[in-house]
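All chains, please: the whole structure from these sequences, using the hints.
So the chains spell out like this:
Protein chains: 4
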Amino acid sequence: MIKVGIVGGTGYTGVELLRILARHPKVQLQTITSRGAEGATVAQMYPSLRGVVDLTFQAPDKAMLERCDVVFFATPHGVAMEMAPALLKMGVRIVDLSADFRLQDPETYRRWYDHTHTCPELLAEAVYGLPELLRSRLRNAKLVAAPGCYPTAVQLGFRPLIKAGIVDIDHLIADCKSGVSGAGRAAKVDMLMAEMGESFKAYGVPGHRHLPEIRQGLEAITGQSVGLTFVPHLLPIIRGIHATLYATLKPGMGADIQQLYETAYAAEPFVDVLPAGSHPATSSVRGANTCRIAVHRPQNENVVVILSVIDNLVKGASGQAVQCMNLMFGLPEVMGLEMPALVP
Amino acid sequence: MIKVGIVGGTGYTGVELLRILARHPKVQLQTITSRGAEGATVAQMYPSLRGVVDLTFQAPDKAMLERCDVVFFATPHGVAMEMAPALLKMGVRIVDLSADFRLQDPETYRRWYDHTHTCPELLAEAVYGLPELLRSRLRNAKLVAAPGCYPTAVQLGFRPLIKAGIVDIDHLIADCKSGVSGAGRAAKVDMLMAEMGESFKAYGVPGHRHLPEIRQGLEAITGQSVGLTFVPHLLPIIRGIHATLYATLKPGMGADIQQLYETAYAAEPFVDVLPAGSHPATSSVRGANTCRIAVHRPQNENVVVILSVIDNLVKGASGQAVQCMNLMFGLPEVMGLEMPALVP
Amino acid sequence: MIKVGIVGGTGYTGVELLRILARHPKVQLQTITSRGAEGATVAQMYPSLRGVVDLTFQAPDKAMLERCDVVFFATPHGVAMEMAPALLKMGVRIVDLSADFRLQDPETYRRWYDHTHTCPELLAEAVYGLPELLRSRLRNAKLVAAPGCYPTAVQLGFRPLIKAGIVDIDHLIADCKSGVSGAGRAAKVDMLMAEMGESFKAYGVPGHRHLPEIRQGLEAITGQSVGLTFVPHLLPIIRGIHATLYATLKPGMGADIQQLYETAYAAEPFVDVLPAGSHPATSSVRGANTCRIAVHRPQNENVVVILSVIDNLVKGASGQAVQCMNLMFGLPEVMGLEMPALVP
Amino acid sequence: MIKVGIVGGTGYTGVELLRILARHPKVQLQTITSRGAEGATVAQMYPSLRGVVDLTFQAPDKAMLERCDVVFFATPHGVAMEMAPALLKMGVRIVDLSADFRLQDPETYRRWYDHTHTCPELLAEAVYGLPELLRSRLRNAKLVAAPGCYPTAVQLGFRPLIKAGIVDIDHLIADCKSGVSGAGRAAKVDMLMAEMGESFKAYGVPGHRHLPEIRQGLEAITGQSVGLTFVPHLLPIIRGIHATLYATLKPGMGADIQQLYETAYAAEPFVDVLPAGSHPATSSVRGANTCRIAVHRPQNENVVVILSVIDNLVKGASGQAVQCMNLMFGLPEVMGLEMPALVP
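Residue numbers (the numbering used here), protein chains in the order written: chain W, 11 to 354; chain R, 11 to 354; chain P, 11 to 354; chain G, 11 to 354.
Rather than coming from a laboratory, the hints here were simulated on the basis of the structure. In this text, all values refer to a predicted model and were calculated from it rather than measured experimentally. Please note that a few of the clues may not be correct.
For chains that are exact copies, the list does not tell them apart, and a pair is met inside one copy or across any two.
As the list claims (entries may be wrong) - Straight-line C-alpha distance at most 20 angstroms; calculated EDC-like pairs for lysine to aspartate or glutamate: (1) 13 - 79; (2) 13 - 311; (3) 13 - 71; (4) 260 - 229; (5) 36 - 348.
Here it is as structure tokens:
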């Protein structure tokens, strides 16, 4: 059994890790930490886990965590980078769900997160946790930077197009919509149901922290710099991301994009390319570790429209983190992740 | 492996059976029927089941169904009673999620369902599928009548009080609220999102079909006739039932109702009595086969308030049906039903 | 023109007052105060009021408020009682939407609000602002205590039954459901959309502050003490209250309850008794100052079920407060309040 | 008083016309027709209009309609074109909310609506009902084609950019999201709350009927052909459209786009350009006849992002239709349309 610790378990990615890991056949939940909730049981904070998880939140304790095989960080940025070096030194592997090890350039990190990176020396070692792109490196990773939710949906959506070199990479557009759980479990007036319910709006249009992460990922595919406009919006639903992606075909390109996508993801257990003409609903992946993609070329003109949906807490966070863990420990990649979506 | 057939699989209880049974370790899905959807794949109608279920809807075929060990009916009332006798004769066991075998009195059935029962001779053999009440009979059942969603929440909620004989059974009140999936997957104007969203209303106050079923269940507990006012309401959510139950204590009774409930359900895997002072949310059982119950006695007066929540499609329908199947086939009762609720 | 001031205008009852008063033909909005938002324009906080209200939030200023004809308090409890005496002395009339002057007994106030009343001498002068019960007193009122949202729906619903003396007043039940705007515009984790969306729960079952207010109101009707069980629930909608009320008919009573209600409210502009057999939806009063009521007697037994719906922010708060103001200033009672509900 | 008739009043644009016109100081509602609901009162179908509108649905009757000064068509396409010629001949003016007179080319109409136009000779006379573009022509119009909901949000959003000639009109993108009331009041499984709630998806990506209408409108502004990709999505809300518009600046252009928009709409009563940096929420226009627009140029690069929100039933349909009527009859343009948005 893999002994697992979770740091910062009171937020939504934390409870989602618990939901998944509690039923994972090779995992033993060892410890879960939270400064704010110290002493409370998981079941008190999340009655949905009564009878499923019987841990108590503890103050972060180095000795406890060092007894784990792997520690997940479900913390705000800045925490994992403080604790990672010591844990790695003790042979504990790390899957960080925060942004600390996603950006390879510490200066870019400083600019977007307004925080100086305290262990830039680990950035080269950190593997970006998108198995569809970096599976083989993940098998040997000690430190994994689990991707953000938007970056997962956008990169999986754009990747075959960009890799095939058939679109204009200077003018990519990602119009993305996210459920409110993406904003976390913090008390903010503008995330109240009375504010967010029955409404819809964009946010962060001047610049969102996931922009440099997406750009870095797309540039890694093509090897060139990429022009991307990224506009996130808030949906009045709890779970789900829908990315609507636009790219312009280079002249003469685009013969069979549907085929391109089906081939690219044929062997992927968690990427589902829908039949031509489909429109995936976010509900079709609710609670599941699946990314569903549909490919369109309206009126046969030169703009390709890709629709990519995930559950932001599963394939966009905790499910993908467990997928990475499975790879790191030589387990079947799908282990513990085969629950179908909850529909209706 | 238990060979399973599903009749009428296009509705919400049908797809929920598929979601659960597809991951059940001892089940092999054999056939699924639907007149309306004949020839369509399950995945076409429910993209959430792509890669999970690869069956195609077929016209109901007696020979096919007779090769099953058990057939679930997820049909409107009137269908199961037509097909049950022949299947039972061939040794096929039946779990009927419709109302056909719930009411022991065929005349009551006729009055409430406006339909004459065509095989009243099977009513005595049918076992009402509420394991917490009838576990031992279910182990040997050939024909199970899975309870309605409201009746499950109300009976589990009232049962310890009534069994203890401490409340006035002439004046019980069940104020119940259900998510919209309870109304099924039929095209009706008043179930459109534009009608039901951001709104709430009662319905069926003059008389709802679950009333005689609940009354029959409560009367079986006490052996006496029961006075019950049952008011259902429609919630603008997809899944979930919340029953708020009111009963008046007989003079001098009610010393420790919390203890009464904890004892009554101590051994039940799917009934969770919350700590005193709790208010269960329907989300705490979303997608789970659990009934959570809280017990209150406001201002210590003589009215007891019981709060009982279930997921109407799981413990209120398909999950409970699988729980019955497990009992019928000698499997661990919880097999295939241990998924935690999807929270948030 | 009536010069109006609003104290505490940043919450939902405050913005609702602005929405209504800005279009009131006899009102001139003079000043709006908020300590927290001082210096911000109303339009910055509520873009929906851009071009409609051009006030700026100011720190509460006695001199400013004294120049008003009437001041509305849309504040937490404890504020109005501090400022009321001085304003009344200067001849300013007051409509208080908080709880400060609702309970006639200062000791009851202290017990339920955990706060000692600082001007109990004004309680006798304060008129409870339910025009359907106290219209003539409101015409001469200097100080009005606008009712709570639940108390409005419950009192209007129960009143004809109790006044007619045909039900057992020792065992009344009010099962109430409220939209989330009733909880106000404060940053609380449990009111986040990710917590409240797609869910439903009861709260405050051991005792809610509106209980003594409702009881006081019902006892004023009957002149006797009343036994009431009041259970509030939170609905995943923004606006709307649905009260489901249960009362037991005294033997031989209840000949024509529908007629009783139609007669009782025949002359009321804001109470609408629906035809027999109806089930009012909260959406049918969204944004309107109307209470819609339906009367049921299921299976003709001795329990009467009353369904009563209001918009908690309009008839349950700000609309009713304006209705009171109209009475106080001799204006037509319906002035500025004739907007139909927003449906769909 | 203007005598008004409504043909096809049972749908959402019909009831919205009633809500607005019932309070319009210069309108007298004369007749409302519906084949399906003949004999029912408006109040039976829409309890929200009890006490507000006391009309009864009637079978369409030429003589009745001819006594009106203006007739609104809130019908499916194909109806207005049948009845318009006779009414116009009798001097009755027409505001058609359907698509019948929107497209100037009958062949384009036939292709997108799969229906041959029966009175193409009226197309030249019909005025497209977008007052911000065609105010002076609307003052003399006999036949107005009220725009579609998406076309209103998109044209108002793009217009200043296109008119200024500073963007590449070959690569415009309109990523649009609409509330479910836009799909009308027809019983369809995929518009059930259990299907649409808590979910989000695109639809009609290969081609939506509003595409040719938007293109025609944008081409009228620029006088050139326009390349537009239009992707509509369904939001799990009742009312509201959010258009996110993307355009690429021509080299050297774009000095002050915020100023451009503020100037363009300075005199418009129903278009509100928000301060720089804003993100309008659809709730900020719920129930109001306002279009709110925000202008962004992320990271100061060459892509402009315009956010444009309306209430699809008001500025996107019935409110705009009344705005047109006001112009046609020489009334103040804002008459009957000054209700603020319903927030929260």
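Hints, one by one, checked against the model:
1. In this assembly of identical chains, the alpha carbons of residue 13 and residue 79 lie at most 20 angstroms apart only when taken from the same copy (5 angstroms versus 41 angstroms across copies).
2. For the homomeric pair residue 13 and residue 311, neither the shortest alpha-carbon distance inside one copy (53 angstroms) nor that between copies (48 angstroms) is at most 20 angstroms.
3. When the C-alpha separation of residue 13 and residue 71 is checked against a cutoff of 20 angstroms, the pair qualifies only within one copy, where the shortest distance is 15 angstroms, while the shortest distance between copies is 50 angstroms.
4. In this assembly of identical chains, the alpha carbons of residue 260 and residue 229 lie at most 20 angstroms apart only when taken from the same copy (18 angstroms versus 25 angstroms across copies).
5. In this homomeric assembly, residue 36 and residue 348 come within 20 angstroms of each other (Cα to Cα) both inside a single copy, at 14 angstroms, and across copies, at 16 angstroms.
Checked against the numbered hints above, the structure breaks only hint 2 and satisfies the rest.
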